[in-house]
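Undergrad: Line by line, the protein sequences give chains A and B.
Under the working numbering, the letters of the first sequence match residues 1 to 259, in that order.
Under the working numbering, the letters of the second sequence match residues 260 to 563, in that order.
Hints are computed from structural coordinates only; laboratory data are not their basis.
It is possible that part of the hints are untrue.
Claimed, not checked - Short, incomplete list of chain B residues facing chain A, as computed with Cβ under 8 angstroms:
#1 371
#2 375
#3 379
#4 474
#5 527
As the list claims (entries may be wrong) - In silico SDA-like links for lysine to any residue, alpha-carbon gap of 25 angstroms or less:
#6 B:528 with A:42
#7 A:136 with B:481
#8 B:481 with B:281
#9 B:485 with B:395
#10 A:214 with A:161
#11 B:528 with A:101
#12 B:528 with A:27
#13 A:136 with B:524
#14 B:394 with A:240
#15 B:452 with B:387
#16 B:528 with A:226
#17 A:236 with B:401
#18 B:294 with A:27
#19 B:533 with A:139
#20 B:481 with A:144
#21 B:278 with A:29
#22 A:136 with B:520
#23 A:214 with B:536
#24 A:222 with B:534
#25 B:394 with B:331
#26 B:278 with B:312
Claimed, not checked - Quick list of the computed label-pair ranges, beta carbon to beta carbon:
#27 A:79 with B:481: 31 to 39 angstroms
#28 A:237 with B:372: 42 to 50 angstroms
#29 B:461 with A:93: 54 to 62 angstroms
#30 B:438 with A:181: 27 to 35 angstroms
All C-beta atoms in this analysis are idealised placements derived from N, C-alpha and C, irrespective of residue type, glycine included.
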Amino acid sequence: MDAALGLMRRIPPKHIDTALSALLSLLPHHSADLLSQVDQPLQVLSDIECGREFILCEYNRDADSYRSPWSNKYHPPLEDGPYPSSELRKLEIEANDVFAVYCEQYYEGGISSVYMWEDENEGFVACFLIKKDGSKSGHGRRGYLQEGAWDAIHVVEVGPDENGTAHYCLTSTVMLSLTTNNESSGSFNLSGSIRRQMNMDLAVAEGHLQNMGKMIEELEGKLRNSLDQVYFGKTKEMVCTLRPPAELLQMRFPHHRDV
Amino acid sequence: MADEEENEISDEQKIEIAKWFLLNSPPGEIQYVAKDVKAILGDDTVYESAASEAFPLYNKAHLISLQFPNRSGDVLITSYSEINANEYLDPRTAQVAKVDHIKQVCKEVRPATDEELPSSYVEEYRCAVEAELSKYVGEAYPKGVCSVFCTRGKDVEEPGSDFELVVVISAARHSPQNFCNGSWRSIWTIEFKDDLQVVEVTGRVQVGAHYFEEGNVQLDAKHECKDSTIIQAADDCAISLTNIIRHHETEYLTSLQASYSNLPDTTFKDLRRKLPVTRTLFPWHNTMQFALTKDITKELGIGK
Chain A
1 MDAALGLMRR IPPKHIDTAL SALLSLLPHH SADLLSQVDQ PLQVLSDIEC
51 GREFILCEYN RDADSYRSPW SNKYHPPLED GPYPSSELRK LEIEANDVFA
101 VYCEQYYEGG ISSVYMWEDE NEGFVACFLI KKDGSKSGHG RRGYLQEGAW
151 DAIHVVEVGP DENGTAHYCL TSTVMLSLTT NNESSGSFNL SGSIRRQMNM
201 DLAVAEGHLQ NMGKMIEELE GKLRNSLDQV YFGKTKEMVC TLRPPAELLQ
251 MRFPHHRDV
Chain B
260 MADEEENEIS DEQKIEIAKW FLLNSPPGEI QYVAKDVKAI LGDDTVYESA
310 ASEAFPLYNK AHLISLQFPN RSGDVLITSY SEINANEYLD PRTAQVAKVD
360 HIKQVCKEVR PATDEELPSS YVEEYRCAVE AELSKYVGEA YPKGVCSVFC
410 TRGKDVEEPG SDFELVVVIS AARHSPQNFC NGSWRSIWTI EFKDDLQVVE
460 VTGRVQVGAH YFEEGNVQLD AKHECKDSTI IQAADDCAIS LTNIIRHHET
510 EYLTSLQASY SNLPDTTFKD LRRKLPVTRT LFPWHNTMQF ALTKDITKEL
560 GIGK
């Protein structure tokens with residue numbers, strides 16, 4: 001398993017899909033571990049009854065069927081798939097409605113889904129998903145991207161209510177790939193995946209949705225910024241180390257100017 | 260999906276998968292990938308046949324440079340310098356390196372035979388280009404290695420026939436302690452066309468970088484371009500060709516930097532904005548308004 005996770009840290013993130021299925025066929029007895037520890041690009045299915053698309057993940061899957069958050073039905077239909085309690089389903093419905101607005105405001109398009117389920121220790125788990133196709137043929141408003149994929153996975157474990165507060169543990173993963181392509185600059189692709197965690201104890205009176213939402217918004221913003229500034233920045237630094245731009249060379253060898 | 264798969268896959272399939280991982284290793288990381296692949300396979304025979312096929316391909320694709328054991332310089336592992344599976348020509352020193360692809364080392368060195376080297380007419384051009392180019396690579400790439408190979412018409416003795424040179428520039432930087440590796444690879448094909456008295460130049464540049472501290476982010480950039488000049492005396496040709504290469508590579512670096520500067524405000528914005536369209540944080544405290552709007556729409560029957 002360590003070796004498998006080691007490989008996932010090195011293989012180009014745009015090939016995660018292929019790498020994961022390769023590992024599954026080499027390590028069939030570790031398939032459960034692999035599927036739970038390796039995040040894979042999100043898939044989408046259409047809920048025809050509600051006329052909306054929903055996102056597939058391990059959390060809304062049972063056998064080969066996936067539960068839609070819009071109609072609460074399994075696709076393809078499943079006899080006795082698990083459902084959240086009616087109380088939790090109420091929160092799930094609200095979360096889906098609100099998160100769709102959040103998605104629209106930050107992503108100007110994209111698909112969102114929220115799934116919730118009870119866990120063993122009197123609390124519950126919620127999974128917030130966003131998939132955005134930012135390419136010019138998808139939902140890219142500005143039309144700069146030949147290819148642009150952003151998948152965000154936020155899993156919040158909510159502890160039981162203890163004297164009015166609950167413990168929230170959020171794990172967020174972002175996977176992205178963007179490609180620009182034109183005559184003068186050729187093709188330029190950046191792809192990546194990062195995962196971070198955030199823990200907070202918050203007053204239940206504020207509402208679970210507000211508490212979870214604020215944490216997600218904060219961590220998602222941080223992930224976006226560190227991808228943009230730190231991670232992309234480091235690859236740019238590397239390019240400039242391989243071949244320093246003229247102004248850097250002149251700083252290093254100032255006498256060159258006088259020659 | 261795993262349940263449907265056959266539990267046991269054949270050794271041939273395992274070799275193919277192992278090769279895929281090895282060939283997709285980022286610059287400078289194939290040894291780390293190899294270690295993990297070996298551990299996952301748990302079968303040395305399968306691993307070794309995958310490694311013996313994948314390493315030579317990776318080494319040539321990444322244009323890696325290996326030091327001669329006698330410290331007389333570096334040899335570039337490329338398909339243009341390949342004499343046979345384990346022997347690579349270094350035209351500058353007229354030596355042939357025997358390499359161990361999997362260990363990525365040069366084990367032995369022998370002088371090149373006359374048949375392996377170009378005619379003195381072609382060598383004059385090759386050598387002039389190499390001299391001029393080395394000056395440029397020395398200035399532009401702190402850790403660059405370059406070489407010029409004759410890939411066609413190496414036995415041409417005098418003006419009147421075509422021949423082809425290939426310029427290879429390879430600069431790699433490995434700093435695993437900083438979680439960062441990268442490589443710059445350029446291949447310039449230079450065709451001397453005698454009937455038109457022109458030299459046609461085609462360039463392919465590939466730049467890769469990998470940053471992996473608590474994450475995995477990779478740059479993969481490619482660029483192709485064309486140019487041409489006229490056939491002149493060897494020294495003049497070398498200067499024009501080096502100027503062409505310098506010009507295009509400098510321009511490409513500038514366009515790479517532009518791609519990076521465009522990220523925050525244009526390209527990245529099409530994936531996710533920094534702030535919502537409202538330019539204020541999302542009103543989580545007031546999400547009731549969304550529910551209310553929805554209820555009203557429903558009651559008034561305007562949502563249908």
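Undergrad: In ascending order, which of the hints set out earlier in this document are inconsistent with the structure?
TA: 1, 2, 3, 12 and 27
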